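Line by line, the protein sequences are chains A and B.
Following this note's numbering, the numbering of the first sequence begins with 70 at its first residue and continues without gaps.
Following this note's numbering, the numbering of the second sequence begins with 70 at its first residue and continues without gaps.
Read the hints as simulated data drawn from the structure, not as lab findings.
Quick caveat: nothing in here was measured; it's all calculated off a predicted structure.
Among these hints, one or two may not hold up.
[Said to hold, decoys possible] The list that follows gives simulated cross-link-like pairs (lysine to any residue, SDA-like), each with its CA atoms no further than 25 Å apart: (1) B:Lys353 with A:Thr216; (2) A:Lys171 with B:Arg267; (3) B:Lys171 with A:Arg217; (4) B:Lys189 with A:Ile101; (5) A:Lys171 with B:Thr134; (6) A:Lys385 with B:Tyr442; (7) B:Lys201 with A:Thr216; (8) A:Lys102 with B:Ser128; (9) B:Lys171 with A:Thr216; (10) B:Lys201 with A:Gln120; (11) A:Lys404 with B:Gly130; (12) A:Lys214 with B:Glu212; (13) B:Lys153 with A:Gln120; (14) A:Lys383 with B:Pro100; (15) A:Lys171 with B:Lys102; (16) B:Lys404 with A:Leu125; (17) A:Lys102 with B:Pro100; (18) B:Lys316 with A:Asp272; (19) B:Lys153 with A:Thr163; (20) B:Lys201 with A:Thr129; (21) B:Lys201 with A:Tyr407; (22) A:Lys153 with B:Glu168; (23) B:Lys201 with A:Thr163; (24) A:Lys353 with B:Val152; (25) A:Lys102 with B:Lys102; (26) A:Lys102 with B:Gly130; (27) A:Lys171 with B:Glu156; (28) B:Lys102 with A:Arg217; (29) B:Lys383 with A:Thr129; (30) A:Lys383 with B:Asp124; (31) B:Lys383 with A:Gly420; (32) B:Lys316 with A:Asn403; (33) A:Lys171 with B:Pro186; (34) A:Lys153 with B:Ile101.
[Said to hold, decoys possible] Away from chain A, derived, C-beta distances all over 10 Å, residues of chain B: (35) Asp96; (36) Arg116; (37) Leu135; (38) Ser144; (39) Gly368; (40) Cys499.
Built from N, CA and C at the ideal position, the CB exists for glycine as well.
Protein chains: 2
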Amino acid sequence: MAVKRQKWSKHFGEWFRDVLINAEIMDYRYPIKGCGVWMPYGFKIRRNLLQILRDLLDSTGHNETLFPLLIPETSLAQESAHVKSFEGECFWVTHGGFEPLKVRYALRPTSETVIAPMLKLWIRSHADLPLKMYQVVNVFRHETKATRPILRMREVEPFKEAHTCHATSEEAEEQVQEAVELYKRFFDAVGVPYVVSRRPDWDKFAGALYTIAFDMLCPDGRTLQIGTVHNLGQNFAKAFDITYETKDGGQDHIWTTSYGISGRGIAAVLIVHGDDNGIVLPPKIAPTQVAVVPVPYKGQEEQINEACRTVAAKLKDAGYRVELDLREGLTPGNKFYYWELRGVPIRIEIGPRDLANGEVTVVRRDTLKKQTYKTDDVTAAVQTFAEEMTHDLKANAAAWMNEQIHRVDSLSEAKSLLAKRAGIVEVQWCGKDECGHSLEETVEARLLGFPEDTKEKVDGKCVVCGEKAVNVVRVALAY
Amino acid sequence: MAVKRQKWSKHFGEWFRDVLINAEIMDYRYPIKGCGVWMPYGFKIRRNLLQILRDLLDSTGHNETLFPLLIPETSLAQESAHVKSFEGECFWVTHGGFEPLKVRYALRPTSETVIAPMLKLWIRSHADLPLKMYQVVNVFRHETKATRPILRMREVEPFKEAHTCHATSEEAEEQVQEAVELYKRFFDAVGVPYVVSRRPDWDKFAGALYTIAFDMLCPDGRTLQIGTVHNLGQNFAKAFDITYETKDGGQDHIWTTSYGISGRGIAAVLIVHGDDNGIVLPPKIAPTQVAVVPVPYKGQEEQINEACRTVAAKLKDAGYRVELDLREGLTPGNKFYYWELRGVPIRIEIGPRDLANGEVTVVRRDTLKKQTYKTDDVTAAVQTFAEEMTHDLKANAAAWMNEQIHRVDSLSEAKSLLAKRAGIVEVQWCGKDECGHSLEETVEARLLGFPEDTKEKVDGKCVVCGEKAVNVVRVALAY
C-alpha cells in the first residue's frame, strides 16, 4: 500500500512548532531558551502516555523512585568517560543564597552518578539483586545546537529513566533485551514505528559498553532518536566501588544498565500521526476521545442540544472521555476546526436531518470519513471507529516508514538518497571505525548503527573499503 | 475521650528519621545536605496521596501544567517584596557548560515569577478568566536552619502549587475560600487534624496581601505548617503588568492567588498516625492494604500456604491491594514486624488452628486487635476493619490534638504551657504588630495567627497591652 506523504512534510519544522502552541500542548515562549511550558491539553496527553509507560514498568518489577536533581561535581567526575562527555553541557549551581558553594552542583543531565552513591549503601549481597528502578524527572543539557520545542530542550521534561543492577553480565544482557522489548511495546501501543539499532562505538552513551537506540522517521526524512538502552557493564560500579557478596561468599562489582525515553516519546506520537489539520491522537491516549458538536438549525436549537447531551451522557457512561461542545458564538465549522487541531479521534455531529432520522453523524479524525448511525447504536459505532482508527494509524505509519527504508550497494546511491532526504539508507559495512567515519562524511549523514531488530546474515562487501562486510548498517539525516 | 500520647513523642525527631529509612520511605543519606531519595515504598504512598490531591483539583476546574525550573534573575526581581525574601535562599545557576551565563538563573523557590510572564501572553480579556492551574514539582530553598528529612529540605519534593487568576478582588477572595475548603477535604480524607490560621502580616508570603495557613501538631508539641493559601492581590499582576480587557472595554490588572502543599502533607500522615511500631497508613492510601502471613505448623506448611493463597486471591479480586508473604527464612514474628513498621492497615494470619476451623485471624494495625472470622467472611471482615480503622484514625488524631489546644488569659500561663510543649495556646490580642512581636518574644514561640476555622467574637483584653482585643490568636512552638 502506497502512503502519501502529507503536504506539511515539506515544512515539518514550522508545522510542529505551530501545532504545539495552537493545539495548546507546549508554549515555548518562556524567557529562557530551551525551556517550555506544558499547557493543560499537552499535559493531559503526557499523563496518558506516561501512564502506559508506568504500567509497563510497574508490571515488570520496576519500582518508581525519585532521586535528587543536584549532583556534586565530585560525584559526576567519578566515572571519567561520563564526566568528559557531560561537563561541557551541564548547568552549574555555584551559589546558595549569597554564599558560594564549596563544591559546585550540576543539574542532572542523567542520573547514573546520582544513583550510584545510594546503590553503594543499598546493595550488600546477591539477595539484593536484581534491583530495578525508574523515575520520571526533568534533566538538563546546556545545548549549544539550535533548540527546538520538545525535540531539543535545555530542560528536558519529562525524562523517564530506568536503572537496574545485576549480579552477572548475562543478567545485565537479559535486562537490556527486556528493556528493548518494553520500549517496543510502548511505541507499538501508540502506533509509532521505529528502527532499533546498535549505535557505533563513537556514539554510545558516555560510560556504557554499548547503546541500543530507537529511531523514528519524521515527515521531512530525518530520523529522531526516541529511546535508548545502555549496557553500562561494571563501569559505574567500579568507579563508585559498588560491590556485593556473591553466592559463594566472594565480592564482585555489580553490573548495571540504564534506559530512557524523553519528551521525544510524546513528540513522536504527535509527529507520526499528524496531518495538515493538526495532530491526530490514538484513542487510547486522547484526553478527549469523542467531541459532540451540535449543528444548529433555526427553531430546533434546543432539541438538537438536548440530543447532543443525551449522546454525550451515554458515551460517558460507556467509559469514554467525552466533551460536549455547546459553546456559543462559534459556528460548527469553528468547532470542527478546534477539535481536529487537537487530534480528537472521533467527532459526533447532530444536525436537523440527524435529529429527524433519530441518527448521529460520526466522523473519524484521521480519514475525516463521515457515517451516520442510529442514535441507539452510537456506543457500538464509537467503539468500532476507535478500534479501526487505532489499527489504521499504526498500519499507515508503519507502511509509510517502511517505504522510506532503502537498501543500496554503493556510496553514491546512499549519498543521493540522503541528499534528497529519502529516509533511512542501509548499506553493508566492514565494522571498522575508519570506514564508519568515512561513510558518515561521504554521505553527510549519521550512522545509526547495526540493526537490532533484524538479525540478518550478510555476505557482501563494505561500501567504503570493499572488504568483507560484517553487517548492514543504517545511515540517516538525524535530528 | 482521653488519648494517650505515644511513648515516642519524647523522641519524635529520632523516630521520624528512623522510620523514614526503616520503612523504606526516604533515604536521607544523599551526598548533598537537604536532598533525599524517595524509595519505592515511600513513592507509592506519595503517589496515592497525590492522586487524592489531583482528583480534588481536577474536579474543581484546576488544570495540571508544568512550568520550567529555572528563573532568570531579572524575572525574580520584578516583584520587590518577593525577591527580597527569596534571593538570600535561592540556589543560583551561573554557568552553562564552561561558559558563564549572561543572566544567572534561580532554581524556583516557588513559581509566581515563572508563571507571570506566561500569563501576560495568555490573558487578553475577561473571557480568559478565571484561570486555574497547578503543578507538582520540586522547589529549592538554600535553608540555613538545620535540615530534616521531608520536613525541611533544600530540594522540596513534591511541591504541589496551584496558581489562579481572576477578574475581580471578590473572585480572588472566593478562590482563597475554595482553596481552604479543598485543603480541608484533602487532610480530612487522610485523617490529619489541623488548625487554619491567618498568619500575621510579618509572616505572610512575600508578595501576598495575606496568607492563610494549615498547621498540624506533632507528638512533641510543635506545630508543622502543612499548607498555605495566599491572596496575591494585584501585586504580581502589577509587577509584570498583566492586564485584561474588562467587560465594559476597559483595562485592569488581574487578581491572583496561589496555594501549596509540600512533602510535609505526606509527612503529616506518617507523623499523626504513627506509633512505637512504625507508621500507620489509612487504608485509602496504603500501597499494601492487606498482608497475608502464614503461621506454619510442622507438616501443614503447604495446606496453610494454600489457604493463604486462596484468601489473598479472593481479596485481590475484591479490589484490595494485597501482599502474600510467603518469604522463606523469616519467622511469622519477623513478618509481623515488617508489615507493622510499614503501616499496612490489615494483617491476615492463618495458622494451624485457623486452618482446622476454616477461619482466618484478622489484625488491625492501629489497635493490634485480633479477631477470627470464617474464611468465607474474609472480604466483609476486611471491609469492616478498613472502615472502622479509617474512622478511628481520624477521630483519635483529632481528639488528641483538641486536647492540646489551650485557651488562657495571661502571658504567664501561655509561657508555662509552651515551655512544657503542651501544644497550641490561644490568647486574645489587640492586633497591633508591637504586641504580636512582644507576645512571640515573651512566650518564646511563634504566632500562628487568627483562627480562620472558627469565627468567634471576643470581648476580652489583649494579653500584652490590656487594651480591647480584636481576636483570638494562636501561639505555638513551630517547626
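Comparing the hints with the structure gives:
no.: 1; hint: B:Lys353 with A:Thr216; verdict: 44 Å, violated
no.: 2; hint: A:Lys171 with B:Arg267; verdict: 39 Å, violated
no.: 3; hint: B:Lys171 with A:Arg217; verdict: 21 Å, holds
no.: 4; hint: B:Lys189 with A:Ile101; verdict: 16 Å, holds
no.: 5; hint: A:Lys171 with B:Thr134; verdict: 35 Å, violated
no.: 6; hint: A:Lys385 with B:Tyr442; verdict: 40 Å, violated
no.: 7; hint: B:Lys201 with A:Thr216; verdict: 30 Å, violated
no.: 8; hint: A:Lys102 with B:Ser128; verdict: 34 Å, violated
no.: 9; hint: B:Lys171 with A:Thr216; verdict: 18 Å, holds
no.: 10; hint: B:Lys201 with A:Gln120; verdict: 24 Å, holds
no.: 11; hint: A:Lys404 with B:Gly130; verdict: 21 Å, holds
no.: 12; hint: A:Lys214 with B:Glu212; verdict: 36 Å, violated
no.: 13; hint: B:Lys153 with A:Gln120; verdict: 40 Å, violated
no.: 14; hint: A:Lys383 with B:Pro100; verdict: 55 Å, violated
no.: 15; hint: A:Lys171 with B:Lys102; verdict: 13 Å, holds
no.: 16; hint: B:Lys404 with A:Leu125; verdict: 29 Å, violated
no.: 17; hint: A:Lys102 with B:Pro100; verdict: 30 Å, violated
no.: 18; hint: B:Lys316 with A:Asp272; verdict: 58 Å, violated
no.: 19; hint: B:Lys153 with A:Thr163; verdict: 20 Å, holds
no.: 20; hint: B:Lys201 with A:Thr129; verdict: 37 Å, violated
no.: 21; hint: B:Lys201 with A:Tyr407; verdict: 21 Å, holds
no.: 22; hint: A:Lys153 with B:Glu168; verdict: 16 Å, holds
no.: 23; hint: B:Lys201 with A:Thr163; verdict: 35 Å, violated
no.: 24; hint: A:Lys353 with B:Val152; verdict: 44 Å, violated
no.: 25; hint: A:Lys102 with B:Lys102; verdict: 30 Å, violated
no.: 26; hint: A:Lys102 with B:Gly130; verdict: 30 Å, violated
no.: 27; hint: A:Lys171 with B:Glu156; verdict: 19 Å, holds
no.: 28; hint: B:Lys102 with A:Arg217; verdict: 35 Å, violated
no.: 29; hint: B:Lys383 with A:Thr129; verdict: 23 Å, holds
no.: 30; hint: A:Lys383 with B:Asp124; verdict: 23 Å, holds
no.: 31; hint: B:Lys383 with A:Gly420; verdict: 50 Å, violated
no.: 32; hint: B:Lys316 with A:Asn403; verdict: 23 Å, holds
no.: 33; hint: A:Lys171 with B:Pro186; verdict: 33 Å, violated
no.: 34; hint: A:Lys153 with B:Ile101; verdict: 22 Å, holds
no.: 35; hint: Asp96; verdict: 6 Å, violated
no.: 36; hint: Arg116; verdict: 7 Å, violated
no.: 37; hint: Leu135; verdict: 4 Å, violated
no.: 38; hint: Ser144; verdict: 6 Å, violated
no.: 39; hint: Gly368; verdict: 28 Å, holds
no.: 40; hint: Cys499; verdict: 36 Å, holds
Of the numbered hints given earlier, the model fails hints 1, 2, 5, 6, 7, 8, 12, 13, 14, 16, 17, 18, 20, 23, 24, 25, 26, 28, 31, 33, 35, 36, 37 and 38; all others are met.
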